Structure formats: C-alpha cells, structure tokens
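**Q** Input sequences plus hints: build the corresponding full structure.
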Amino acid sequence: MAMAAAKGRVLPLLAVAAALAAALLYRAPFSKVSGRFPFPRYSNLRSLLSYEKAEENPFVFAEPGRGGEGRADQRDRRRGLPELPAPATGGGLRHAHLDEPGRAEWEGFSTGTRAAAAGGITTLVDMPLNSYPSTVSEETLKLKLDAAKDKLHVDVGFWGGLVPENALNPSALESLLNAGVLGLKSFMCPSGINDFPMTNSTHIEEGLVTLAKYKRPLLIHAERIPDVQNEDGIDGELDPKAYTTYLKSRPPAWEEAAIKDLQRAMKDTEIGGRSEGAHIHIVHLSDAKTSLGLLKDAKQNGARVSVETCPHYLAFSAEEVPDGDTRFKCAPPIRDSTNRDNLWEALLDGHIDMLSSDHSPSAPDLKLMEEGNFLRAWGGISSLQFVLPVTWSHGKKYGISLNQLASWWSERPAMLAGLKKKGAVLPGYRADIVVWKPEAQFHLDDSHPVYHKHRNISAYLGKQLSGKILSTFVGGNLVFAEDKHAKAACGAPILAK
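Quick note: the sequence shown uses the numbering used here, first residue 990, plus one each step.
Read the hints as simulated data drawn from the structure, not as lab findings.
Predicted model, so just to flag it, every value in this text is computed and none were measured.
Take the hints with a grain of salt, since some may be wrong.
[Unchecked claim] Derived Cβ-Cβ restraints for the label pairs, each shown as a range:
#1 Ser1326 with Gly1266: 38 to 44 Å
#2 Gln1430 with Asp1216: 47 to 53 Å
#3 Asn1290 with Lys1386: 30 to 36 Å
#4 His1437 with Gln1252: 44 to 50 Å
#5 Arg1263 with Thr1233: 41 to 47 Å
Using N, Cα and C, we set each Cβ at its ideal position, and we do this for glycine too.
**A** Quick look at the structure:
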C-alpha cells in the first residue's frame, strides 16, 4: 500500500481488498474521537474525517457496516469529502467459541467480545459447541440469544450444529436455519462435548441437501480416526508430557481419512449435483501435504469447497512447543516447521482461502498446566485478542500485505457467512473501523492488558508482536480505544434472513 510512512492506519476488517485500494487518504485526529468516556456514538461517519495534516495522526480507512442502501450525498462530494466505498459488509472473525450459556467460566459473551474489540475484530460468528446446551435446534439458539443480551461489545452471528439427531431430519434442520443461524458445523471425530456427537459421511451428505435450499455453508472439523491405524508406538509407555507423543496420537492421517471420506459429499456440491448450492468449508486445516492436495483436486473439479487455517499453525512449529506446555495443545495439532512453511505457501497461493482464530478457551484447570499431560489436557488455543498482530508479525517474513490481511480475515469470511452485501452509501451510514499501527511493537508480558477470561492459558504470552490496535468502531460506536472499553455493550446479534 502507498502508505508505508504512515504512523498509523485503519485496517477495515469488513471490507474487500478493492476498498482498501480506494482508501480515504484523510487524517483523523485520534484524540478527538477517543478522549472521553463513555464513548460517543458517531452515526455520521464523515464527522470522523478531518483535513488536519498533523503527522502524528493516523490515516483513515473507512468502510460501511450493515445498514440501508442509497446514493451518497452529493453535497458531501461538492464539499470535497470522499464517497465511502460500499463493498462487503459483515465478516470479521468466524471461528470462535463463546461458551454461554452453561460455561461462562471458560469464556462468556462479555469477555470474549471485549477481547475481540481490543484485537481489532468487529464481528464474530460463534461456534455451536462448548456452551451448554449446544446450539443444535431453534430452542437452543434462543437460549444463546438470551444469554448474549446486553453483553456484546462487537456484533455476533451464530453457527448451528449438524449432529446425528438433526442431520436426517430436514424439518428440524430447517427450523434451526429459519431461526437465523448463518450455517452449520459438524465434527467427523469425537468433539469432546457430550451433547455434540460426531457425524459420518451419510449425515453430512443429507445435511447438505437441506443447506442447498438456503445456500448456507457446512463447516467441518475434518479429522477421522482411520479404519486401520499405524500406532507408531503409542502404547502407554511414551511420556504424556512430551509433545511428540501427542503428535503421534493425532497424525496427519486423521485429516486425510476425513477428507477422503468427504469425496462424495464434495462432488454433490458441483453444478448439477445433488447438493448444488451448498458449500463445504474445512475448518482449521493443519496438514499441508496430502490433505491439502485432496482439497485442491476437489476445487479444480468444480466442488464448492473452501479451506481455512489458523494463526497458531502459521506462528508455531512442533519443534518449538515445550514438553509439558499444554497451552499449545489443539486439534489438529501444530505440526513441524516444514509444514508451517507449506501452509504459508498455500495461503499466499490461494489454495487456503482464509484464516480464523479457532479461539477455544477453557477453565485453566482443564489445561492441566501443572501436570503437563498432553493426552489428557483440554485442547484449544486462546487467541482472540492477538490474531491480527500474530498474522502480521509472522507474515511479514513472507511479504504479506495489508490487503491480504483484510481479505483473509474479513472479505472471504464475510462471503462465507453470507454477510456480504453491496450498495452505495447514505450520509450517516454506520461503519466498522479499526485504527492500528502496523509498525508498533509490543511485548505480551504481565503488564500488557489481556481481556480473555483467563490470560494465563494463552500460548502467545511472552511473545513480541507487531501491530498495535489503537481503536475499534462497531456500527459507528467507538467501542475500544487507548486500552479502554466503552461502558455500554453496543454490539448486536446477527441472524440470517
């Protein structure tokens, strides 16, 4: 981008890359919009724009949030104010576990969305499991919505769950979809949550037929225990504190087996297929070898398939994980450094479509950090506040741009979740904006504010990162600035229509 000398920038987390290229090259006095609390509401985005030229002020990139459509006010154009771009709306971070109702002690709506705002995330889509009950019906979605009331500091949508109980029952699935979930999620291996059992390929194929009517995606945790396993010495004598033991217990063959089992389901999504209109999305891909190759082949053959990976697979490698440090346990596992480089290559080449956090915290005692047992500890990386700086910090080595960052974290997730809408911009069109300094470095030590429910379980603590979030606006509201949050929770639930 033509702004390398800028001291700060706004990364539009809900905008397409084209909108970034048409950025507003006007400097906004940060102090004017962040200097008092409680934060004001800026219903007219143009009130944030200024012609002041002070070098310490950040550049402003603005993009619209969800709202009405119409023509830009010609009076603004006559005054020389720029017309705001109207690209994708909605988006942000799609894969996060906010564990209310039932397990707010793991991560609740208030703490999770505060962490998101501090991390420059303006929209989350909540996963259907880890709360209790899981979101697998119209009734359980209502419990989610009730639990979220007055607690959302950013906008939040919801995935529903595809489980054996509803997969073969089209009316039950339609009821859940009609209630407003943005799509469905399923597991091909045990999820670890009792009321969210695993699905097989038949459940998935039948669920896709219903999803095709709604043109909404099915997100799949693609690991399956192979019918014939090579145990590689997993016999109880190996040290459960050794990370290599955990790697052997969950090899790439699990991902390969699941994706091979999805061949018919993926083919059904092709033009003329039984589930034309449906979309399969593979979450948190870890294996950059055979599994990725199978997905590339399916795409080339015309299947509607997309793939994501996560920052922890791009930032860490198995060689770096200390034995006994169960903060790094996740499923699929973090693999070796060669695999990490191959994931970056696939992301840059477009074979991996987008990124997500897979923010999956738990109560600290479930991580067994004192015991250090990788085989028994809860799996999940706590990451919501750090994903943008982590991606930027590690991606600079590979030459990534801010445009790519916005595409991976915003444009493409928004399209997947059905939150992309087009329209011109009305005066006063409410916007989501994130102001940050990509060059600013910070150390995640004990003094750095962390807004997750439990800071000590994050694998990113102690790391040096680049890219400091200065302020976050959601729907015209300044929700985070100068390491402080707005007192009022002004995010909103997002439901499909």
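**Q** Next step is simple, just say for each hint if it's right about the structure.
**A** We went through each hint and held it up to the structure:
no.	hint	in the structure
1	Ser1326 with Gly1266: 38 to 44 Å	holds (40 Å)
2	Gln1430 with Asp1216: 47 to 53 Å	holds (49 Å)
3	Asn1290 with Lys1386: 30 to 36 Å	holds (33 Å)
4	His1437 with Gln1252: 44 to 50 Å	holds (46 Å)
5	Arg1263 with Thr1233: 41 to 47 Å	holds (43 Å)
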